[in-house]
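Protein chains in written order, with the working numbering: chain A, 1 to 409; chain B, 1 to 409; chain C, 1 to 409; chain D, 1 to 409.
Derived by calculation from the structure, the hints in this document are not laboratory data. Think of the CB as a built atom: it goes at the ideal place given N, C-alpha and C, for glycine as much as any other residue. Hints should not be assumed to be uniformly reliable.
Quick look at which bits of chain B chain D covers, simulated, 3 or more residues with Cβ under 8 Å [as the list claims (entries may be wrong)]:
1. 176-186
2. 204-210
3. 218-230
4. 392-402
Partner residues are not named here, just some residues of chain A that face chain C (Cβ under 10 Å, in silico) [what the hints assert, rightly or not]:
5. L75
6. S83
7. H106
8. S110
9. Y224
10. T228
There are 4 protein chains.
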Amino acid sequence: MDKARKLTLLNDPIYGFITIPDPLIFRLIQHPYFQRLRRISQMGLSYLVFPGAHHTRFHHALGSMYLMQKAIRILRFKDIEISDKEELALYIAILLHDIGHGPFSHAMESSIVEGLNHEAISGHFMNALNDEFNGELTMAISIFKGEYKRKFFFQLISGQLDLDRADYLKRDSFYSGVPEGNVNSERLISMLNVYNDELVVEEKGIYSIEKFLTARRLMYWQVYLHKTSLVAEQLMIRALKRAKLLVKSGVYLSGSKALQYFLKNDTDARNFDGSALEIYAKLDDYDIISALKDWQYQDDFVLKELSRMIINRDLLKIKIKSKKFKSEKIQSHILSISEQFSLTKEEASNFVFQGEISNQAYESKNDGIQILMENGKVCEITKIANHLNLKVLAKPVTMFYMCHPKSKL
Amino acid sequence: MDKARKLTLLNDPIYGFITIPDPLIFRLIQHPYFQRLRRISQMGLSYLVFPGAHHTRFHHALGSMYLMQKAIRILRFKDIEISDKEELALYIAILLHDIGHGPFSHAMESSIVEGLNHEAISGHFMNALNDEFNGELTMAISIFKGEYKRKFFFQLISGQLDLDRADYLKRDSFYSGVPEGNVNSERLISMLNVYNDELVVEEKGIYSIEKFLTARRLMYWQVYLHKTSLVAEQLMIRALKRAKLLVKSGVYLSGSKALQYFLKNDTDARNFDGSALEIYAKLDDYDIISALKDWQYQDDFVLKELSRMIINRDLLKIKIKSKKFKSEKIQSHILSISEQFSLTKEEASNFVFQGEISNQAYESKNDGIQILMENGKVCEITKIANHLNLKVLAKPVTMFYMCHPKSKL
Amino acid sequence: MDKARKLTLLNDPIYGFITIPDPLIFRLIQHPYFQRLRRISQMGLSYLVFPGAHHTRFHHALGSMYLMQKAIRILRFKDIEISDKEELALYIAILLHDIGHGPFSHAMESSIVEGLNHEAISGHFMNALNDEFNGELTMAISIFKGEYKRKFFFQLISGQLDLDRADYLKRDSFYSGVPEGNVNSERLISMLNVYNDELVVEEKGIYSIEKFLTARRLMYWQVYLHKTSLVAEQLMIRALKRAKLLVKSGVYLSGSKALQYFLKNDTDARNFDGSALEIYAKLDDYDIISALKDWQYQDDFVLKELSRMIINRDLLKIKIKSKKFKSEKIQSHILSISEQFSLTKEEASNFVFQGEISNQAYESKNDGIQILMENGKVCEITKIANHLNLKVLAKPVTMFYMCHPKSKL
Amino acid sequence: MDKARKLTLLNDPIYGFITIPDPLIFRLIQHPYFQRLRRISQMGLSYLVFPGAHHTRFHHALGSMYLMQKAIRILRFKDIEISDKEELALYIAILLHDIGHGPFSHAMESSIVEGLNHEAISGHFMNALNDEFNGELTMAISIFKGEYKRKFFFQLISGQLDLDRADYLKRDSFYSGVPEGNVNSERLISMLNVYNDELVVEEKGIYSIEKFLTARRLMYWQVYLHKTSLVAEQLMIRALKRAKLLVKSGVYLSGSKALQYFLKNDTDARNFDGSALEIYAKLDDYDIISALKDWQYQDDFVLKELSRMIINRDLLKIKIKSKKFKSEKIQSHILSISEQFSLTKEEASNFVFQGEISNQAYESKNDGIQILMENGKVCEITKIANHLNLKVLAKPVTMFYMCHPKSKL
């Protein structure tokens, strides 16, 4: 381990420094699979609203690993035993938990790679890396899948207070410049403990949880579901679907080889073999945005317009309400667009559509946040007097939106 | 001006909010020429060293305009008259001062668009916009060119304490996570004043200047001239030059139409007409990085290797010294590479080369920083007792570097 | 106003700088009445829990004035007319709104100056200053009393979103190091507007309000009502009451002349004339703490012990519950203390006692927060779909505490 | 050690949390000797210029201990062995290194306790505590005195890069709101290493050192030697000296018993026995400021005026130059004051005086900062090419000041 002794440091505007704790971690970060995350934006098209939001999945993965280092130090201080081997496996698991993300992955998964989800692909990547690294990732993979014997390990990777969430809320808030969503991740972590092999939060951390859940709620409404990002994402989905439709119908579209592959082929978990993974590993934001830039000059009116709207940030109008929009209103709007531009109704519905968004800051069932009270008992947070207000955050809130062109396309 | 009364706000992690002060500014920001800056990174390849450094020229231009708003408010408070028309012109001038930047512009200007520089192209863009906006940019252009009657206007746009610099040092420090370079731009601005139509700094701001110049020096050595960024940029220059050479010799290379144009044609200030500008306006980071990704699979060994090194961040080794490297050492290195990979010496010199870097934090001659002393006199800063140490910062420091492959390519 | 043109700046860790906007303001700040606030801690004994919480009422008053400058600038930008004279009056009113605070004023008002409250005394101070400054404070006083014709002026000084609150929540959070309570005051202010002469918040600011109210709730539970601060304050009240009792029964106690005066005399609003004001103006934290330090060596067991506990931070134990403590339990505790130390039951009840605390983050009735919707209508915030959760914050939460000695006194 | 397992946390605005690493540390903090530091301001009268600068020596001592925890973790990571016993001793040594400070100690040491300095008194306190804690502080005391076998231990407590300095520069900058002095202590610490039993800084930390030294220089000129603080401190020295003179000549002055003791008696290192220490331990800011408040109404003109000036912040004028003031000028000024107020010349010289201040950011001799170069050699920092500018910071700069009344006293 003498190389790591050099204490490789990465500058991070949020935590100051991120230290690479082990040479194996260093080699994983160097791998092209992981370097690729440098070219995948964490927040997709949100930069069209928040000009600072250009941070990447690469940076987030490192940040989550940093928080894992904090968490392990705190838990060991509280006499929770974690072996050196387990420690390393936890670092690997958190570092690679999101490695399966593609570019604009929410849009991609709703369009050209519908049969795939990024968790499954993360698993594929980890297996491939485990082969390459002679089985050194085996324990990490079992933690990632929730199969490792110690339950709280999985909760640190994937749960209501996992370190993924602790990093991305903080990081997204930071880069978007929306301080309402800033969570004090390091403080929260210092309140963690383990009880009966489950992750719990000490009672004195209860207001930090309250703030965390409120911040999460606000981040959803103000940032992740911001109406302008929402339109942009919907346009991206429609552009990619349209492109796939055109390609399948025989039209030639420019684009990188990797993108061409996914436009031509339907992929799902079953046919996603090693060679598909290799192609997927070449796909990043640059393929998508470069294609859209080019497609602005395509013959197809729908693809051309959708691409232009995204690239020049000349988006559709959007309205948001707590009730559904009337179907007739939308239909008449579609009709007028289809007439105006000689489109079929189906084509026109790329420019006039509705949908719903939903936000639930906290899921109290199953995997609720457990508080370790000063009297030694454990209690789910919404059941504690003086925190009954959190029950409200456990109720999902649904809103409806409608998009349509401004005066003219 | 009633639209602006809605107070359009942009979230900025650094200043909190950036306000759009006028509808004309809003329309300029909406223009595709300006939206394009969203796709041009402010710090080029520096993100390979500083994973947070993904902020764009779009964001920087807005930040500079924010500081201009501050500066105008402060100067007016100090009874310097600035008319509403002049105010608007100053906003336009600072907003557009960098609009001519292309992707990785330092690398581009040293390779495929050698005859052009971004200041000249900024001028071309402004003229084109002025035509489109019916002459509303005329005063802004005259400020930008240094032709406007009030000298300190130009100093606010381009000088040792201009608002461009005040924003980028702060912003680059912030996003790269290198707090050594953090300058207190807002504090500095509050110390500005005007004397004999020249920008001066009030005496109580003298330590802020000292900190500013020190921070600037540190940003150069720690960030802008960071050895890893330096290698990456040198590889980029060589990759682009190689690509141009190949294209000119008849080899087909993939790449966007805009990029193809600049690989095929030599451009300079004279032949840079409207249609060249239109093509240039389509070029951004996505064209370059997408091309490099593709060129990794090219036949040409040199282009392939250079591209792969950048994309996978598998760069050359670099050494930095205060003295020149011996020519024989470099020649023998080149020879061994040329033999190992059957390259000509010229080709091999893409992988073994030396160069120099220089850093001068402050230029005391001509346009030195003038301090308005409490006794009413004005004095150039390095001449003030107790600040003689700043003289050192006015001396350029030169260092030499040499790059070569690690053990093997 | 040429002196102010020098732009007097005060360094503030929170806002960067605070500017003195007018020579009259400068002279008010220089006045011994106002300088006295430098010696009155904003958060009383909270520093026993939060070692950074030593900021003063002087600093808070300046901070509130800073926010008023922001608010006026924003409102004028939105075409709300505010004359220069009104502007100055608003600065004076916010600057002096808390000038009547004495040292540890919540404890004082519950012990030795029971008949007085700081708002009334602020009025007395302002009147005295108005005499000294030849009526220049007249409009400010009428704003402070809610008598000025423009209703929103009073709301800026005293309301659910006044600038007093906007500063103290932020400042107390900052200095105590409890980021859960950090509110984005400057952002909130940028969302303010005026509608029908009432202060309203624009719809896009609605999440900022939600965060503001949550932060306020958390500050109450985590800081203002922190159990250790609570004990310390209760001990302070009991020490001061005991001292007054002793003095009235003829015992000599050391202490400054000003403190002696208030121990000897009962004051209330009616007998609070100019000479009482003059004595009150000499009283600050130094009088109280110096007396407690000395009283540690008094003969009276009760006063001695209470003083020692505060000075050495060797406080009573405290328990907090959502239900009342049983009276018998407390009585038996008192009995045992009175026997152990040969005290009367009344004396012993200084060491064993219960009480209640209550927290209501938002008061929706009467002066609720009004939102200016994008459709032009105004709506009280808890009535807006998607913000119904705020209703919970409008319900007061009451908790009960009991204090008693650790093993031994 | 099971109590500490509860992980006692103190909120700190700068570091987030400070953890108490051991029950012995907890008991030392609880001791009245240490609690007393809560009542001693870190920056004396600087709050008259920087209204936020009310932080205490208590807080600074905790902050230094926090940084020691960081330093030990980093050094152990780099394979420097530090035993658990040594670790605890280092915490104690840094925690108590400043415990000997009295109120306004620079002023006190120049007036009423001339024979004493705070380092010596720190030693007295530690010895007394060591008796009380049965020798548990023995190793800490030997480190504090520089007698412990491992040289770098002492350098961590007292050297050019010690953790005392690393905390106070950062903390003073933070609370005074002067960001020019902000040093990145945590970054600096991560660059520390040990070579031949001496503390060294790794080469990549060299710019952090440069920033550290520049920040230190700026803190001296902008804050510690700020002209207004300087006057206030000089007035404090003169007030205390005058009080002592009066008391020795038989005048009765009000004041706490502890203060009275030091006004009546001359103390020096030899006669500073246990009972003097006990009295000294009762002295804090409250004794001094309360006395000054009272002395405003004394008969003696000199004491009365000096006290009033400090309390009401109505200070003398001050001028600063790079050359000495002419003696005649001062003498004639003194003469005029002595006539105007019927004072002796000696008395008048309390209101008209000159002095000098000096600032040397870095002391390169003896204990210079050693850089561990990447080639494995160690080199004093000013000898490294590209950092020759630091030589300037090693030169002391001396300035001269003169104080005198404004128009009238």
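Violated hints, by number in ascending order, as checked against the structure: 5, 6, 7, 8, 9, 10
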